[in-house]
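Trainee: Residue numbers (our numbering), protein chains in the order written: chain A, 74 to 452; chain B, 54 to 617.
Source of the hints: derived by calculation from the structure; they are not laboratory data. The reader is advised that the hints may include incorrect statements.
The calculated DSBU-like cross-link candidates involving lysine-lysine, where the alpha carbons are at most 30 Å apart (straight line), are [stated by the list, open to error]: (1) Lys349(A) x Lys557(B); (2) Lys326(B) x Lys416(A); (3) Lys274(A) x Lys366(A); (4) Lys384(A) x Lys274(A); (5) Lys272(B) x Lys241(A); (6) Lys272(B) x Lys274(A); (7) Lys384(A) x Lys613(B); (8) Lys366(A) x Lys349(A); (9) Lys209(B) x Lys613(B); (10) Lys348(B) x Lys226(A); (11) Lys384(A) x Lys416(A); (12) Lys403(A) x Lys241(A); (13) Lys241(A) x Lys274(A); (14) Lys317(A) x Lys349(A); (15) Lys349(A) x Lys416(A); (16) Lys226(A) x Lys241(A); (17) Lys241(A) x Lys118(B); (18) Lys209(B) x Lys416(A); (19) Lys538(B) x Lys613(B); (20) Lys272(B) x Lys403(A); (21) Lys241(A) x Lys366(A); (22) Lys241(A) x Lys416(A); (23) Lys383(A) x Lys597(B); (24) Lys538(B) x Lys348(B); (25) Lys383(A) x Lys118(B); (26) Lys326(B) x Lys384(A); (27) Lys326(B) x Lys348(B); (28) Lys597(B) x Lys348(B); (29) Lys538(B) x Lys525(B); (30) Lys602(B) x Lys326(B); (31) Lys349(A) x Lys383(A); (32) Lys274(A) x Lys317(A); (33) Lys582(B) x Lys209(B); (34) Lys582(B) x Lys602(B); (35) Lys403(A) x Lys416(A); (36) Lys557(B) x Lys538(B).
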Amino acid sequence: MTPRKRLLLISALGAAVLVAGWFYSAPARETHRLSRMSTESLSAWTRDHPADARARRLLGERLLQEGRTEEALALFREAAETDPGAAWPLVAQSRALLQAGRLGEALTLAQEVQRRAPEDAEANAVLGEVYHSAGNREAAEEAFRTAARHDAKNAAAHAGLAVILADKQDFTEARASAQRAAELAPDTALAYRTLGYVEDKAANLTEAIRYLSLAAEREPHRGPTWAAFSQVLVRAARTPAEYKAASDALDRTEALLPNMAGVAYFRGLLLAKQHKHEEAIAQFRRALERNPKATHALYNLATSLAFAGKKAESAAVSAHFQRARQNELKMTQLRMRVAREPKRADLWRRLQAVAEAQQDEATARMARERLQALLASSP
Amino acid sequence: MHITFFCRFWLAMTPLLLLAPALCGCRSGEEAKASRAVSKTPASGIFRDVADEAGLRFRWGHNGKSPLDIRDTTGGGGGFLDFDRDGLLDVLLVGDTVALYRNRGNGTFTDVSAQSGLSVRGHLMGCAVGDFDNDGFSDVFITGHGVTKLYRNTRKKRPIFQDVTDAAGVGRRGPYDWPTSAGFVDLDADGFLDLAVCRYVLFTPQTPQFCEMTNPAGKPIPAACPPYYYEPQKLLVYRNQGNGRYEDMSDRFPERHGNSLGIAFADFDDDGKMDIYVANDGEPGDLYHNRGGWKFQNLGTASATAYNQDGREQAGMGVDWSDYDGDGRLDLIVATYLQEPRSLYRNEGDGLFSYASFNALIGEVTKTSLAFGVVLTDFDNDAHPDLIFTNGHVQSNIAAINPSTSYRQPMHLFRNQGDGTFANAANEGGAVFQRPIVGRGIALGDYDNDGRMDALVVDLEGAPLLLHNEDKSSHHWLGVRVLNKAGRDAVGARITLERESGGKRVAEAQTCRGYLSASDPRIHFGLGKSDRVTRLMVRWPSGKITAVKNPPTDRYLTVKEEAR
Numbered sequence: 074m075t076p077r078k079r080l081l082l083i084s085a086l087g088a089a090v091l092v093a094g095w096f097y098s099a100p101a102r103e104t105h106r107l108s109r110m111s112t113e114s115l116s117a118w119t120r121d122h123p124a125d126a127r128a129r130r131l132l133g134e135r136l137l138q139e140g141r142t143e144e145a146l147a148l149f150r151e152a153a154e155t156d157p158g159a160a161w162p163l164v165a166q167s168r169a170l171l172q173a174g175r176l177g178e179a180l181t182l183a184q185e186v187q188r189r190a191p192e193d194a195e196a197n198a199v200l201g202e203v204y205h206s207a208g209n210r211e212a213a214e215e216a217f218r219t220a221a222r223h224d225a226k227n228a229a230a231h232a233g234l235a236v237i238l239a240d241k242q243d244f245t246e247a248r249a250s251a252q253r254a255a256e257l258a259p260d261t262a263l264a265y266r267t268l269g270y271v272e273d274k275a276a277n278l279t280e281a282i283r284y285l286s287l288a289a290e291r292e293p294h295r296g297p298t299w300a301a302f303s304q305v306l307v308r309a310a311r312t313p314a315e316y317k318a319a320s321d322a323l324d325r326t327e328a329l330l331p332n333m334a335g336v337a338y339f340r341g342l343l344l345a346k347q348h349k350h351e352e353a354i355a356q357f358r359r360a361l362e363r364n365p366k367a368t369h370a371l372y373n374l375a376t377s378l379a380f381a382g383k384k385a386e387s388a389a390v391s392a393h394f395q396r397a398r399q400n401e402l403k404m405t406q407l408r409m410r411v412a413r414e415p416k417r418a419d420l421w422r423r424l425q426a427v428a429e430a431q432q433d434e435a436t437a438r439m440a441r442e443r444l445q446a447l448l449a450s451s452p
Numbered sequence: 054m055h056i057t058f059f060c061r062f063w064l065a066m067t068p069l070l071l072l073a074p075a076l077c078g079c080r081s082g083e084e085a086k087a088s089r090a091v092s093k094t095p096a097s098g099i100f101r102d103v104a105d106e107a108g109l110r111f112r113w114g115h116n117g118k119s120p121l122d123i124r125d126t127t128g129g130g131g132g133f134l135d136f137d138r139d140g141l142l143d144v145l146l147v148g149d150t151v152a153l154y155r156n157r158g159n160g161t162f163t164d165v166s167a168q169s170g171l172s173v174r175g176h177l178m179g180c181a182v183g184d185f186d187n188d189g190f191s192d193v194f195i196t197g198h199g200v201t202k203l204y205r206n207t208r209k210k211r212p213i214f215q216d217v218t219d220a221a222g223v224g225r226r227g228p229y230d231w232p233t234s235a236g237f238v239d240l241d242a243d244g245f246l247d248l249a250v251c252r253y254v255l256f257t258p259q260t261p262q263f264c265e266m267t268n269p270a271g272k273p274i275p276a277a278c279p280p281y282y283y284e285p286q287k288l289l290v291y292r293n294q295g296n297g298r299y300e301d302m303s304d305r306f307p308e309r310h311g312n313s314l315g316i317a318f319a320d321f322d323d324d325g326k327m328d329i330y331v332a333n334d335g336e337p338g339d340l341y342h343n344r345g346g347w348k349f350q351n352l353g354t355a356s357a358t359a360y361n362q363d364g365r366e367q368a369g370m371g372v373d374w375s376d377y378d379g380d381g382r383l384d385l386i387v388a389t390y391l392q393e394p395r396s397l398y399r400n401e402g403d404g405l406f407s408y409a410s411f412n413a414l415i416g417e418v419t420k421t422s423l424a425f426g427v428v429l430t431d432f433d434n435d436a437h438p439d440l441i442f443t444n445g446h447v448q449s450n451i452a453a454i455n456p457s458t459s460y461r462q463p464m465h466l467f468r469n470q471g472d473g474t475f476a477n478a479a480n481e482g483g484a485v486f487q488r489p490i491v492g493r494g495i496a497l498g499d500y501d502n503d504g505r506m507d508a509l510v511v512d513l514e515g516a517p518l519l520l521h522n523e524d525k526s527s528h529h530w531l532g533v534r535v536l537n538k539a540g541r542d543a544v545g546a547r548i549t550l551e552r553e554s555g556g557k558r559v560a561e562a563q564t565c566r567g568y569l570s571a572s573d574p575r576i577h578f579g580l581g582k583s584d585r586v587t588r589l590m591v592r593w594p595s596g597k598i599t600a601v602k603n604p605p606t607d608r609y610l611t612v613k614e615e616a617r
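Extracted from the complex, chain A is given alone in its bound form:
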């Protein structure tokens, strides 16, 4: 070996030792040790060391994984009280609430933490997640981009962006963002969940099922993961074994998210696929009890009623559906137009009028405010 090569080898080994030493530094060692504890031991440790924020955080995440949402929320609340300046307890609470399907509370907390720590990547990422769940894609994208700007290594930000890009059908970029998230958080539920979402949107159902099953394995107690998994299983189901697998996944989702209207709807679709229309009718009715505005459930209720031979009832539901859907469509199209042409006062006026007619007060208020701002700024 030449002296030059020997020098290079020694330098490389030295660098590797330094990296490994940093990797196995005290905080990392401590986290590793805590993560190997059982939930009970970790719980005892947290009780004995109330100032150990790392242990509290790990325990909270563990409780969430085990479906003990209320206990996790209590723990995060305690952490927030112990250290009012820390952002993470609020972020964790918001995620836990989102996981439990409590969107309104999750949004309030996420906005609060983002206001307190506007440069915190996690705070922006969780706000993006909540906005996305609420259907506000533009705001979600903005929040994820802000998160990635503040911390390019934030996996949640890249995962969120992947989801947004997949929604926009930009699958090249969506896959790149999902891969980035997977590199930053390898072999995690977040990574598989994101990859599954992108592949589902890209119409690659086999891959979507594969990724989402991996995510569900890693998050056996996270409702939204099971909801996504069960939905793709319902769409793909064609054989008795597949119907059973989809039904089991829906059972699991329902146990985790008992108030989710979508579970009953997808169960109805699964039953209708098997021509079990009487049972499907009951499920579509359940979906409508939980969300009376769910036009997709109304439509399928009308269809299943017709298949079950209840033609008169089907016609009545169908008429109701057509009215509701027409209103919904009118509103959607106007929303899309104002998004494209935000300076058109006439469009905002129309949106306000349609929203008022449909008693959608939030949209009417938003349209009114935008219209006033627009009129005030015009010469």
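Position chain B relative to chain A; hints supplied.
Mentor: Chain B in isolation, oriented as in the chain A frame:
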């Protein structure tokens, strides 16, 4: 302790070392070979595009214009018709002009546009073909933005067609009238072909020309506006009075949603009366049930064919009817937009349809393309109707707006597997199914009378595609031409075919299929390995029945309606 540390260290480094070639961008020889194999397109397949060698020199295109407005995006049709009754299907192409090609019977065509008399020009869309005056010769209806023209076949060599639009009373409804797909059909069984005309939206110089889309970086890019920016125009239906004139009967069709692009006819409930499905862009589809006496009921929503599985409107474009699952009922297929599954509606009887796209395995795979044309027909004569979609985006600059998709897209070919499912057969289809085009109209016809169904496809930014069927299977077939008492093609006649091997097959004589196009009026059955048909029953639009026992196979058969 030290050993443990170093073991961990090397364990931590191992994946990096293993990944090194990948990180360096190196590829193994095997990978490179696999990549080459994937990129290699098949040299031969079921179809070969022979348009150029057949002499079809027509071209569509926008001369580099970009962005395109909504009027530029939707057009392009064509058709197979035997205008000179020589037993060979000729070709009609509709772009800014209309071209007519006469089939020479040797695989080539002669351009006879100059003597055709089809002199209309403009933003043309498509065509319908039918013998409206019962003289035994095919007449032609041309649609376009601000254009409706009815041409009567003169039976002469020059001009072959004569403009009779005004005399027939089917002229345009103002300069911005926008008829799209149209079809001839006998709705009242009086022996004369009525005419149904889809119309799209009100697009004028005063309506928005372009809309701002945004690319991933948030940069605004002008492109064609979606249809909901415009007032819908609605379906027109004309009754043939039998004296060369048509009467507007549109008000007999309730709840016409408008934005109509595709239309196809079928007696879906087998009650002997011809029904209509209209595919609307962004509006619910309309299924008009014919109750007789010019009474029609819109059963779109009630039959579950108006929306997709989730009760959402779809961008309905091309449409076709065929019994894909061999249960004796005609099923419906609708071509739709990007991210929408193509909608296959399985006829369950009793006026109800189930949404079969996902069970048939075409729901997911079709979502990544934008389809305009669709036909359900048996390309390999295995007795199971297959599927072709012509794909292509509406925005010529879509790649700048959404880099994941493209303006040109390859067609889709799905082979019917005989168990209610379809398999992607693009590789078997031949190189033409790998080639991205801006697919629009599609028409079916066996132009060389070899018993294998060919297709004519419009590339909105190129030349026509004449898909010559070169399927190598030795399956048997039977073609049937049905002529009514007047000697014209009996559009709407329904044939039930009984095979020795068991099972019945049902099909109807229709020219209005696909998108903006006109197809061969003959009925084509693939028979698979069986060459014995025990009985063929023709139910004529008049309601009469003709039975043919043990018809010969592997040939075209002409069945005429008896005069008495």
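Trainee: Which of the numbered hints are not met once you compare them with the structure shown?
Mentor: 2, 4, 7, 10, 11, 15, 18, 23, 25, 29, 33
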